[in-house]
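> Protein sequences appear in the order of chains A and B.
For the first sequence, numbering that gives the first Met the number 0 gives the first residue as 0, with consecutive numbering after it.
For the second sequence, numbering that gives the first Met the number 0 gives the first residue as 0, with consecutive numbering after it.
In case anyone wonders, no lab produced these hints; they're calculated from the structure.
Given the structure is predicted, the values throughout are model-derived calculations rather than measurements.
With the C-beta cut set under 10 Å, the calculated list includes, among others, these residues of chain B facing chain A:
| no. | residue |
| --- | --- |
| 1 | Ala220 |
| 2 | Arg290 |
| 3 | Val310 |
| 4 | Leu311 |
| 5 | Arg340 |
Chain A is nowhere near these chain B residues, computed Cβ spacing over 10 Å in every case:
| no. | residue |
| --- | --- |
| 6 | Gly25 |
| 7 | Gln85 |
| 8 | Pro107 |
| 9 | Glu108 |
| 10 | Pro162 |
| 11 | Asn170 |
| 12 | Ser198 |
| 13 | Ala203 |
| 14 | Arg207 |
| 15 | Glu210 |
| 16 | Glu305 |
| 17 | Lys330 |
| 18 | Asp338 |
| 19 | Lys351 |
Just some of the chain B residues that point at chain A, by a computed CB distance under 7 Å:
| no. | residue |
| --- | --- |
| 20 | Gly219 |
| 21 | Ala287 |
| 22 | Pro288 |
Built from N, CA and C at the ideal position, the CB exists for glycine as well.
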Amino acid sequence: MNVPDDLRFQSSHEWVRLEGDTAVVGISDHAQEELTDVVFVELPQMGRAVDAGDPTAVVESVKAASDIYAPISGEVIEVNDAVEADPSLVNTDPYGSGWIFKLKIKDASQLDALLDAEGYRALIG
Amino acid sequence: MSDELLCSPLEDLHLELGGRLVPFAGWNMPVMYSSILTEHQAVRSAVGVFDISHMGQFVVTGADAGSWLNGLLANDLGKLSDGTGQYTFLLNEQGGVIDDLIVYRESPERYFLVVNASKVAEDASWMTSHLQGEVEFSDESSQWAGMAIQGPEASAAFASAFPGEELPSRNGLARLADGSIVCRTGYTGEDGFELFCASESACAIFQRFMEAGATPCGLGARDSLRLEMGYPLNGSDLSPERTPLEAGLGFFVALDKGDFVGRDAMVAQKKEGLDQRLVGIEYLEKGAPPRSHYPVTDADGEVLGELASGVLSPSLGKGIGMAYLPIAFTKPGTEVWIDVRGRRFPAQVVKKPFYKPTTIPA
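Bound-form chain B, shown alone (with noise of 0.2 Å):
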């Protein structure tokens, strides 16, 4: 990868918008506006809009493309039917994750895919290098771009941006008229959709929003929503030498559905047990912000493995992360221990998701 970052083509809207931009997975992207609390609050009371331009978009099309992409995908793509799509993993021989990323059904003879900024070269290289029949992929990642609006308030945000347009009800996809592809899903717990449109149209559209009240919200918003509802973010909660089983989201796992990569390898673990499991933790008391590679101890001070993930919950005010800890750990309750620069702070595991949204998403 080369050191030059990618703009959005909203770059010059979050600078007039006071955004804080860092590098992120190749990408200058706003981390925030003004606060990440107040953003956080704003997406779980009304409504936030994010730039997502970063992630990645491949459309996979041919009369083989379902049957082909359901050999390389862990989730049971026969399960979609036109205009749904669902969440799934892309695996290495090992069962271990490539990549976790939402597959559309837009027809038996097209898929749209929408992939994690940082795995973009690395799936999309995967991908051309298990072609067969007949399918032809395109990587159109640098075609969309792309806004994630989220909150209670999302789908009146969306009536008041587009009016006379109707939103695809949850986990699924639409056309808008203009083009732009509009998803009933997001990484907030809240009702929502992702919105795909051509990076020209992107300033106007995502100014609408923030007329129909969407509060602008940045990567920073975007990491302690999601990790309140112990969704995984690649790269830190998943990993090529971590399997979605040892991930706890065997759910999204079709191992009886034939084959497909990385199937052996969890049929395997599957009998012969996990050593592993990725869990959620919440802190009994307040205490410092929990971090990743922070580690884990036992009542002795044993280390047990480290914070996958961690954060201090806007939600719930007290410190949540994730680790992968060994099977003894992983019941609810189990005390354990976060090391926090040598300060020890009492926690206990307990079930995803750590904050339980007030609105049931469509």
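The shape of chain A in the complex, shown without the other chains (with noise of 0.2 Å):
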């Protein structure tokens, strides 16, 4: 299972990486897996403020629709196109092209709350 040293996850499974002020998130290779094909996403509306914990998107297989939580607190300044196009993106490449929004954060030491990539690699076993 992929668990890239270099992300804070959420136990939901939704995971962040900081670049600058802005906080990129998307769904974990575990959890696209967990999924499996990944039919729908719905994405937020642009400059919607999230609190953590938030439910701020939608992924959605072929069986269930699934809540994807801010991991971070922030405004939402960038959505993923062209995962709403493809939403296969999530599952085929869920760190890099399937990234699902990006917030812009205001305190970055919300992110000490999450696992890191060990953390989350004990939670998924």
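Could you fit the two chains together into a complex? Lean on the hints.
Right, dumping it as structure tokens:
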């Protein structure tokens, strides 16, 4: 199972990558494998302010719809239109072209509350 | 019902094949192996094999078996000859659906019924409480394992797995040399058959079909395949509060065959006219997958009903579903909207099936 060392993870299986004051968010390789074929991604509204833990996007497989929770507080400044057009990117490249949204964050220290790669590996066993 | 899940005789094989088991109708059954989309496609283009051991089997025998069943079931049993079957309903006095099932006539004094897993106990208790005449009813559900082999290459898979044996023709039933029962029926719209065998033989037979090219398929694909055909699922699209007429399945109800349970209610309903009917609904464009219980609204956002079933059709690439709507909204072409988490997707009422299989079943 691919768990990149430079990412932080939420126990609900979102990953976050910090790029300056921007947090890129997606779902983990483990999550995409559990969901299997992603057939739809509902992206958040641009400019929406979210708190850590807020349901922010929805990823759907044939069988189920799963909420994607913001791992950190911030404002939605970019959404990945590519996964809206081709939801299978979430399956094929969950840490790359399958990212879901970007947040402009205020408080990077919130990241400390998240799991590091080692902690996430332990969680998913 | 106890919390203990029933195990299919194929459970170890499912796990070996990477199947994901989920509770369904009191059974622990595979929802998929690796991908619902791939399994769905295998059935549409080649052949798939499904475990249907959860389904129930009843055997009704005796001099009065036929006339007794004809008084309990909605379709006309008189149309059956030996070795043929028909889709039918077990109804309550109000004409509501207790279960939808297939009944096969093996001989004038022996009938084989295949019923829904979730309704085995209820069906059996309803039927035994209505017993009369020279009739013996037996619930053989625990003795039979079952599998459905479906797809344009299903007949070829059968020929390869059972050389020298013959498939019955459409809706027919035949006994194989090993005592298994094979029925030329299915729930996918493709050619195919359902095979019921002794539990001990199930793994070997399932593997023989895999060796013959069948892709193991789970309940996820079974649901998307049946919905593309507009086939109802009891508990979602059928209920004790709805008659087969409301479900748009009057074709399988023989109001003219004489008395049967539920007939009077449906005759009255037909006379008064239906208030609502189950219709097919298809998105006009791509959108969030429709699912059961999502509201169906008119142009003004007024709620007309809710989806009984819904799925993103793998074959069509867009959302499809079924809903009971007021008669004024049941004409094909009527615009409706599906409300998904507050976002509305435009759709229209369409004729079923949503998808037309490219191969014509025998």
